[in-house]
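So the sequences go chain by chain: A and B. Just so you know, we're using full-length UniProt numbering here: the first sequence kicks off at 1 and counts up by one. Just so you know, we're using full-length UniProt numbering here: the second sequence kicks off at 1 and counts up by one.
Just so you know, not all the hints are guaranteed correct.
Stated by the list, open to error - With a straight-line cut-off of 30 Å between C-alpha atoms, the simulated DSS-like cross-links for lysine-lysine are:
no., chain 1, residue 1, chain 2, residue 2
1, B, K3, A, K176
2, A, K176, B, K258
3, B, K258, B, K3
FYI, nobody ran anything at the bench for these hints, they're computed from the structure. Every value quoted in this text rests on a predicted model; they were computed, and no experiment measured them.
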Amino acid sequence: MSRSRTALTPWLLVSPGALLFLGLVILPLILTVILSFHAYDHTTGIRNEFTLSHYATVLSDDYYLGIFWRTLRLAALTTLICAIIGAPEAYILSRMRDPWRSIFLLVIIGPLLVSVVVRAFGWSMLLGSTGLVNQTLQALGLGTVKLLYTETAIVIALVHVMLPFMVIPVWTSLQKLDPMVEAAAWSLGASHFTALRRVVMPQVSLGLLSGSLIVFGLSASAFAIPGLLGGRRLKMAATLVYDEYMHELNWPLGAAIAIIVLLANLVIMLAYNRMVEARARRTLG
Amino acid sequence: MQKNGPIALIFHGLVVTFVLAPLVVICLVAFTPENTLSIPTTSFSLRWFREIFVHPDFVASFANSLWLATLSATISVALAVPAALAIDRYDFPGRDALNGLFLSPLIIPHLVLGVAFLRLFALIGATGSFGWLVASHVVVITPYVMRLVMAALSGLDRSAEKAAMTLGASHWTVFRRVTAPMILPGITGGWLLAFINSFDELTMSIFVTSPQTVTLPVRMYMYATESIDPMMAAVSALMIALTAAAMLVLDRAFGLDKILVGQK
């Protein structure tokens, strides 16, 4: 085989995919950035004029800032609850014996494959004014609570959808932990709590960190959950963009919000990556 | 191995209940004979399943989603396998950048991708085209295929390939007769995962589908924002059943934990 052929082969292999991705990831993103600087007029539509006004509006108007603040708040809350539920659950799973271990792992991460619309719809039935949760509360003599179309409903359903993304990385990092190390800590006189804190936690923290990153990113850009459980009035970033595009028809403003969501996502990813790397370096000595 | 204490088991029970509750409720309500969303207690009925077939738009969306997911998963595999081979086997300039590009749809929110596709399709006059919808799905699902195929390739014992090469087999023959059969589990698992992800995709699709190309999740979302009746439960129950079937196949064939958790 000639030298030039060897040099060409990888290019021939990647080029179909690379062309598609250049044309359908890089190009549309660039077009969207450009679009977000276009002027918009409610009667004539998108105009060929450069403006920063969409970014200025979005970053100064209380209406938009309120939605951004809600998005960050609910995403952070979801991440926290997922960590509080997901990490112990992964630990419990890792201490089970087969077949229970595989069965319950399937139960916890399987719903990942069920459409988000279906899961959101399930929660809207559970949390509705005549739903199962309120029926139970009433039977217990506690009266009814308004849950559907509240932030509580959004967080409950987000936690449900995001939980597998927290369990998976924690589970993966637990798999790397030799159970005998924990047993060794006990035999050296450490209490269960100390062993958990000094032996298991340091191992799990990397998994917890990457899980939190995924959960936060996905929650902050979630669409179906706030759309179906928050109703028309409780908007989050994704439902806001959808409204600007489909109802207000103000594409440049919608594009500006989408770009802000993308940038925020990337910044958080990079910051987290730095943190994870620094931590890994410290652990390795 | 240590055992879980009673508190741990109670916690576990609550988590499992939380995870399964909405799915179980959907499956129960789907069989209600009533006109309202209620859990049937005395009698079960299939009327809401029959009701689906009175709505041809749901049936059309289902067929559309099935066709879309099949096409895009297949195209995605056809693009990802050679790309993964190149990235795994060769050292060439821009290799890491390309790898990052192929995995980038995982870190770009689907919302942003949807908006970006809509702009591109509007500019080239492709809004509402089924072909471009397939292309957009290929982009979103290819990272899943790439990851599984790359994992299969890196876990591969290369001595069999070298032996075939020494015996005079051409590159293509080596790939077809040696490499491909060995990474087949990765390819099939990737295809199925891509299929499911395409079939379920909502956030990106809602921006780029037209009334003629509405997918099932988009149709369901639109329907659920307008009204909620037990027919939604019946459609959802069917989707849960379909997913459960796909999940069992994936689990029997490859181990679902391996596919979703990633191979180490």
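> Any hints this thing doesn't respect? Which numbers, in order?
Replying inline: none
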